[in-house]
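Number of protein chains: 4
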Amino acid sequence: MSILIKGGTVLSSTGSVRADVVVEGERILAVTAPDGWAGQADTVIDATGKYVLPGGIDGHTHMEMPFGGTASVDTFETGTIAAAHGGTTTVVDFAVQAKGSSLLSTLDKWHEKADGNCAIDYGFHMIVSDVNDGTLKEMDACIDAGVNTFKMFMAYPGVFYSTDGEILRAMQRARGNGGTIMMHAENGIAIDELVAQALSEGRTEPVQHALTRPPELEGEATHRAIQLAKVTGAPLYIVHLSAMQALAEVAAARDTGQNVFAETCPQYLFLSIEDLAKPEFEGAKFVASPPLRDKEHQPKLWQGLRTNDLSVVSTDHCPFCFVEQKELGRGDFSKIPNGMPGVEHRMDLIYQGVVGGELSLSRWVEVTSTTPARMFGLYPRKGVIAPGSDADILVYDPEATQVLSAETHHMNVDYSAYEGMRLKGRVDTVLSRGRVVVDGSGFHGGRGHGRFLSRELNQYLN
Amino acid sequence: MSILIKGGTVLSSTGSVRADVVVEGERILAVTAPDGWAGQADTVIDATGKYVLPGGIDGHTHMEMPFGGTASVDTFETGTIAAAHGGTTTVVDFAVQAKGSSLLSTLDKWHEKADGNCAIDYGFHMIVSDVNDGTLKEMDACIDAGVNTFKMFMAYPGVFYSTDGEILRAMQRARGNGGTIMMHAENGIAIDELVAQALSEGRTEPVQHALTRPPELEGEATHRAIQLAKVTGAPLYIVHLSAMQALAEVAAARDTGQNVFAETCPQYLFLSIEDLAKPEFEGAKFVASPPLRDKEHQPKLWQGLRTNDLSVVSTDHCPFCFVEQKELGRGDFSKIPNGMPGVEHRMDLIYQGVVGGELSLSRWVEVTSTTPARMFGLYPRKGVIAPGSDADILVYDPEATQVLSAETHHMNVDYSAYEGMRLKGRVDTVLSRGRVVVDGSGFHGGRGHGRFLSRELNQYLN
Amino acid sequence: MSILIKGGTVLSSTGSVRADVVVEGERILAVTAPDGWAGQADTVIDATGKYVLPGGIDGHTHMEMPFGGTASVDTFETGTIAAAHGGTTTVVDFAVQAKGSSLLSTLDKWHEKADGNCAIDYGFHMIVSDVNDGTLKEMDACIDAGVNTFKMFMAYPGVFYSTDGEILRAMQRARGNGGTIMMHAENGIAIDELVAQALSEGRTEPVQHALTRPPELEGEATHRAIQLAKVTGAPLYIVHLSAMQALAEVAAARDTGQNVFAETCPQYLFLSIEDLAKPEFEGAKFVASPPLRDKEHQPKLWQGLRTNDLSVVSTDHCPFCFVEQKELGRGDFSKIPNGMPGVEHRMDLIYQGVVGGELSLSRWVEVTSTTPARMFGLYPRKGVIAPGSDADILVYDPEATQVLSAETHHMNVDYSAYEGMRLKGRVDTVLSRGRVVVDGSGFHGGRGHGRFLSRELNQYLN
Amino acid sequence: MSILIKGGTVLSSTGSVRADVVVEGERILAVTAPDGWAGQADTVIDATGKYVLPGGIDGHTHMEMPFGGTASVDTFETGTIAAAHGGTTTVVDFAVQAKGSSLLSTLDKWHEKADGNCAIDYGFHMIVSDVNDGTLKEMDACIDAGVNTFKMFMAYPGVFYSTDGEILRAMQRARGNGGTIMMHAENGIAIDELVAQALSEGRTEPVQHALTRPPELEGEATHRAIQLAKVTGAPLYIVHLSAMQALAEVAAARDTGQNVFAETCPQYLFLSIEDLAKPEFEGAKFVASPPLRDKEHQPKLWQGLRTNDLSVVSTDHCPFCFVEQKELGRGDFSKIPNGMPGVEHRMDLIYQGVVGGELSLSRWVEVTSTTPARMFGLYPRKGVIAPGSDADILVYDPEATQVLSAETHHMNVDYSAYEGMRLKGRVDTVLSRGRVVVDGSGFHGGRGHGRFLSRELNQYLN
Ligand SMILES: [Zn+2]
Ligand SMILES: [Zn+2]
Ligand SMILES: [Zn+2]
Ligand SMILES: [Zn+2]
Ligand SMILES: [Zn+2]
Ligand SMILES: [Zn+2]
Ligand SMILES: [Zn+2]
Ligand SMILES: [Zn+2]
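Protein chains in written order, with full-length UniProt numbering: chain A, 1 to 462; chain B, 1 to 462; chain C, 1 to 462; chain D, 1 to 462.
Hint data in this document are derived by calculation from the structure and do not stem from the laboratory.
By construction, the Cβ of each residue, glycine as well, lies at the ideal position given by its N, Cα and C atoms.
Restraint-style ranges between C-beta atoms, simulated for each label pair:
(1) GLY25/A to ALA252/D: 52 to 58 Å
(2) VAL323/B to GLY178/C: 45 to 51 Å
(3) LEU461/D to GLU324/C: 47 to 53 Å
(4) ALA252/D to ARG447/C: 46 to 52 Å
What the simulated footprint calls covered on chain A by chain D, stretch by stretch (three residues with Cβ under 8 Å from a Cβ of chain D suffice, anywhere in the stretch; the number is not a length):
(5) 186-195
(6) 227-234
Given only the sequences and the hints, what does the whole structure look like? Please build it.
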């Protein structure tokens with residue numbers, strides 16, 4: 001079964017070329033000059049006037065994630081179908097170690113959740129909540145099992161929180177085994193005190209979520225994580241960076257050549273504390289951690305994407321319905337489940353950066369696909385249109401328009417954080433490992449197509 | 001005429017893939033999975049065990065350049081043949097406006113020198129020595145003529161030097177027409193005073209060249225150029241950065257997202273002031289500006305290449321023979337012609353950084369080919385192995401070894417700055433626009449094959 | 001003749017004490033606990049409820065200064081009388097070397113202007129406009145003559161401007177002889193180009209003075225001066241710092257322990273580019289260089305005073321009448337004489353910083369008196385209330401109020417830059433070398449009382 | 001009872017004057033020009049050729065401090081007598097809250113220890129080990145009781161350690177009541193992990209104390225404390241700063257005008273990790289926290305003293321005998337009591353900085369006396385030679401020499417950290433509140449003379 005994608009402009013992280021792409025089975029067989037293919041093709045996709053780019057890689061999602069007695073509402077099936085609709089063909093989700101359990105049994109559990117249910121390929125990061133001798137040894141086994149990125153939390157005391165000593169130990173292990181430590185960098189100990197003060201003073205509305213998590217405490221934790229990484233020699237990847245203070249710390253470390261990397265998310269680029277302050281508890285829709293910030297942070301984040309101090313855009317997709325889930329926090333913002341939906345809109349939203357002059361076309365491809373592929377050990381299988389690579393391909397129509405809405409999105413959640421937002425550009429066709437899963441006539445993929453990706457190590461390490 | 005390069009590992013700035021490359025005429029027709037090409041090929045090159053990468057682009061050479069009454073000794077013919085031997089398939093040389101002459105007539109003159117004489121493709125930057133209303137208008141015409149990078153000098157008063165006011169005017173013009181200002185950033189006014197003091201005190205040996213050009217004065221000029229660029233909004237490219245102080249200025253500007261870029265050269269990575277201090281006037285071989293620095297700068301420069309605060313490695317190839325040319329400065333270091341040979345060894349020398357763990361393979365390709373292609377508006381025609389691109393291809397043997405020597409090099413100069421240096425890796429085969437110019441049996445190219453490259457604008461501008 | 005100042009609060013740069021001050025002749029004989037003086041006094045001044053502090057030292061004035069065919073309108077007599085009214089008992093004025101003349105003859109000329117005419121003590125800085133072998137040697141002689149601070153200009157090409165090479169030479173000399181280089185740090189070469197462009201485009205109004213002198217060009221020159229000082233090892237004092245960019249450069253240098261110091265002036269703390277933009281040519285009243293800046297610079301300058309990155313407040317008093325002098329620039333802002341009146345109001349204006357919580361009382365004394373005394377080699381003769389010190393004493397009433405106006409000021413100029421400004425605090429009594437020159441009943445001093453101060457070297461050098 | 005100190009050079013933090021000092025009872029009555037005193041004196045001290053300066057203020061001592069089952073060996077009596085011998089006339093010691101006890105009862109207990117036992121005046125800081133609602137309220141009461149500086153620990157988990165949440169709460173309280181938070185800034189959580197690893201690997205010798213407390217973890221904690229102070233608005237004083245990384249954080253914060261201050265100690269200026277590595281367990285003598293650092297930190301600390309990023313030199317005097325106390329840690333460095341003797345030698349040691357060109361005379365006075373007086377709310381009662389001030393006076397002989405040794409020192413400890421060190425300068429005469437306690441004939445003071453100092457608030461707050 002072969003497919004020829006003809007007439008398009010093939011994008012990479014370095015630029016664009018007019019070229020045709022030949023897919024044979026699950027992989028790309030060749031990239032040729034226009035009309036340069038000497039062989040036959042079973043199917044021809046006309047990409048005239050369109051961009052042909054590697055499918056998006058969302059390095060940060062939470063499907064079916066337990067949180068505070070409830071769980072995020074997208075299953076691996078619904079979440080990956082939504083991702084595919086948005087041009088994302090790979091997600092890396094987080095397996096979540098519960099205190100007292102082992103990493104490998106956790107990984108088994110997450111395999112059970114995902115296996116046979118995903119519409120696109122997927123990998124796992126491992127959230128390490130419980131650092132001990134056993135866990136540390138298991139980190140090596142996780143790496144053998146294709147999971148070499150270990151997320152830790154400086155926030156959420158009593159839940160995911162690790163002490164600086166535990167972080168140090170995990171970093172030492174990562175230094176030895178080639179893993180990368182991912183960090184939720186907020187000073188949760190200080191934040192919990194501010195939260196308690198707010199509640200005791202009757203400040204209970206959603207905007208307090210942001211007011212009790214000041215950006216300085218994200219900057220602080222980022223600095224601390226960087227120093228611990230320096231002491232141990234471990235690679236460090238800061239997840240969901242939202243604050244200019246944290247960005248400044250990352251930039252300073254990167255200037256010294258330290259293996260420090262960071263991602264941001266669309267919500268920090270497009271939304272702000274003003275959304276959290278919406279009346280009638282609507283602000284709850286925007287509760288995630290770190291919180292949405294003052295608008296002054298947004299241009300700094302776009303700048304960070306340009307300077308590569310922010311290397312990746314992920315979504316931190318973690319959807320909770322407004323009804324019954326977000327509503328758990330009426331009268332107590334600290335009980336609002338933390339998380340926002342977004343896996344479907346990342347490619348489109350960041351493309352708005354191209355439209356608005358914030359990013360180049362090639363940088364769009366880089367931050368949404370090529371860099372996550374390299375960072376998470378998937379390149380060149382993913383993240384590039386190249387012979388031998390998986391045929392995860394997005395044909396994107398740069399001239400189409402669309403309006404985001406919960407009415408039309410495919411995520412299993414009852415609201416959109418971007419309701420009514422008008423966008424330029426739209427997904428035209430999506431291939432996942434050689435199969436056309438989305439095209440103008442609808443969705444042709446489904447659960448079970450997606451396979452687990454055993455990942456190699458971070459390719460950016462100095 | 002088609003060529004199939006089979007069995008190799010194709011390198012790009014993002015990684016490597018096992019792939020075959022199909023060349024048809026002057027261009028790459030296709031890149032396919034191993035054995036994936038469905039058509040025929042007239043010639044097959046076996047690249048098994050070898051790297052297949054885009055030919056090197058040396059963005060800074062001076063062939064036949066007049067300097068202080070003499071001229072650099074490589075002609076466009078000898079210099080480009082030497083480049084080809086070293087795996088470089090494009091050079092961007094500098095047309096040099098003499099005071100009082102026009103830019104366009106200068107360009108004509110350089111076309112005359114180069115046309116029909118080059119063995120590989122070439123482009124021009126324009127050295128602007130004389131800023132006036134006429135020159136500024138001509139900058140626009142230069143851009144139309146494919147020359148959009150304008151080098152200015154903060155050094156060499158009375159020769160190439162421009163005042164800050166002249167630089168400001170040229171930058172304003174570049175801001176308007178899309179050009180990029182290239183800067184030789186040393187405070188030549190202060191340096192000339194130090195030189196005069198040295199001579200008047202009888203300090204005349206070659207090492208005084210470095211002692212009278214302290215790194216702080218490169219850092220200073222770099223800062224000044226950056227501020228003038230900020231005031232005017234012009235893109236700025238710092239040539240031949242040699243000092244950590246200058247690097248720090250570039251890094252600080254880049255952190256703010258300003259369009260500031262920099263290159264360094266192999267001599268600053270591998271040689272030092274100790275070479276300048278060699279006895280018997282041998283130090284004269286190493287006189288170039290900025291001067292070779294203390295060794296402590298070298299690890300900072302490698303780090304800058306990793307952090308991308310240094311984006312490009314060029315050679316500043318400007319060879320003068322030791323006999324009769326360098327010797328002009330016996331008894332007065334200020335009369336030693338400034339410049340060193342190097343165009344032939346850039347790919348090999350920077351590959352030593354890969355061998356030594358300083359750079360990744362993909363970064364080697366990036367700093368020597370892909371980034372210069374993008375920076376100088378040649379991408380994707382050059383700088384990448386992609387369909388439609390010129391078939392400028394380097395097949396590199398990573399396991400071979402070689403020893404550098406004036407006895408064996410192809411540059412038209414009577415010494416090597418790296419005499420006796422033992423290297424790992426060696427050029428195997430070189431294609432220039434589809435023609436095999438170097439292979440195991442010798443050199444098959446020659447003058448006249450190389451064509452002028454009318455260049456697009458810098459592709460890195462924010 | 002002895003005076004006892006009783007009942008006041010004596011201020012120093014470190015705090016305040018309730019104490020009595022005994023003056024005998026021209027000097028302070030003793031400072032005692034309240035009522036602690038065992039001897040007699042001819043006169044008793046009741047300072048109850050008032051501050052007793054060292055008389056102000058204005059380290060930057062221009063009396064009778066030639067500028068562009070005219071001259072500043074305060075003579076040494078009128079200017080020093082105005083200073084005394086404002087609580088300033090020492091000025092350090094600038095002798096101005098004309099191109100082609102010698103430093104010592106210049107100094108003679110300024111002695112002639114000042115001798116016998118000043119109402120308070122005075123010293124000189126030397127403006128070096130013409131650097132050559134002779135001048136450099138004369139710098140040593142100036143130091144012997146009590147003038148060890150040498151001002152140079154990076155602005156005003158063709159007038160006061162020195163090249164970086166000339167600055168380097170002067171700095172080398174200062175490094176050797178203990179002098180301090182004072183710098184007007186603006187990139188005048190670039191500025192002159194911007195000025196020419198403005199005029200050629202018909203932008204001629206006073207606000208263009210600021211728009212053609214962007215703060216980046218003050219930051220740039222400040223950085224450059226600091227680097228030249230670093231290369232030479234010379235102490236550097238940045239005069240009339242106005243821009244946050246320049247302040248950042250000074251702060252960075254000071255963090256490294258380099259001998260770099262800076263002053264700002266009241267006009268940069270209280271006035272802004274909005275004043276320059278006043279209609280009907282009124283903006284001309286506010287033309288000085290560096291220009292008044294956007295208001296956002298003001299809080300940064302106050303902060304610099306708190307952090308001691310700005311160590312001194314001087315006035316750069318250089319008054320030109322609006323009528324006939326400022327008016328020379330109608331239709332061409334570049335012809336407006338550069339300078340503003342201010343010598344009379346410095347103590348009062350900076351005291352407003354105390355009132356407004358910007359500075360502590362002790363910091364007020366420090367930046368207006370103690371630090372200039374130490375910086376300019378006058379301490380402990382001046383700048384402190386201590387036994388043996390000159391009895392230059394200001395009794396200040398912190399509760400009085402006043403309104404500034406050209407109607408009431410004593411400067412010989414037809415406008416006030418602070419017309420109508422209401423202040424808290426007022427000069428009560430002023431002693432100059434033991435003589436009461438100002439008290440509630442009026443002015444009792446006069447020309448001839450002030451003596452030339454042969455100054456020691458800068459006391460802050462590391 | 002009056003004393004006249006005649007013929008000396010009186011030093012202050014701004015310079016020196018030839019002056020006589022008149023003491024009446026416990027206070028300074030007058031400072032006069034030489035021979036300027038009109039009254040009589042009971043006693044005359046000849047200070048010809050000597051410096052007369054305010055007695056030293058050691059803002060950081062631990063007399064009789066419980067630590068790990070033992071206690072520091074100097075009692076308030078022996079420790080203050082030793083201090084007096086070294087020219088220090090005020091100490092501020094630390095009351096140590098035990099977990100579960102109250103601040104006020106702690107203060108009572110420390111008053112009991114000290115009252116009637118001290119030879120010189122003394123104050124208290126309060127170590128807050130147990131933050132809770134009651135403690136926070138007590139902080140206000142402590143301030144009323146003259147104790148407004150609250151030390152907290154980011155090190156020593158399980159002992160003095162406070163969490164970031166507890167620190168935040170205490171800082172909020174300090175923001176409200178005017179107190180200053182003093183911080184032991186080392187990341188004790190991470191350090192304890194490194195210590196455990198060292199012990200488990202059999203690395204037990206004293207030098208491991210330093211190796212398990214890397215300077216990055218002092219820099220980290222310093223940054224964290226500064227951010228918490230920024231979030232809360234509290235003044236912050238970093239105690240015993242030892243590492244250049246921590247200094248850089250303090251300097252950066254101070255550049256922004258934040259109320260951040262720091263002290264260092266003589267041991268960090270003169271001793272190094274090489275002392276900790278001395279064989280035969282002798283390194284144990286030098287175990288204190290933070291640990292002695294590599295020598296490369298020393299010039300940075302001296303520079304910090306010059307730039308005022310380090311404002312104070314205290315001793316952290318906390319002596320444990322080598323025999324039986326330090327020896328508790330044979331075979332386990334973590335059991336070595338943390339602390340070194342030093343209260344006696346601070347004035348002499350820092351004077352070596354004057355001798356060696358590191359500090360000016362006035363800076364010597366400033367960092368050892370005037371600044372601690374202002375920082376700890378004792379000025380002008382202490383820290384200056386001024387009328388009305390306590391007659392705490394040090395007459396210092398700059399030309400005498402001495403050799404430090406346990407044989408001759410007055411501290412109650414069996415070793416000297418500076419054994420055999422030869423110094424220039426020596427204490428001549430010491431007055432404590434008007435009483436000559438040390439002179440050439442010996443010690444004339446004794447327990448009971450020293451009084452508790454109820455301190456005002458920090459006088460440096462912006
Ligand atoms: Zn997440
Ligand atoms: Zn150059
Ligand atoms: Zn950077
Ligand atoms: Zn060059
Ligand atoms: Zn600073
Ligand atoms: Zn001036
Ligand atoms: Zn401590
Ligand atoms: Zn302590």
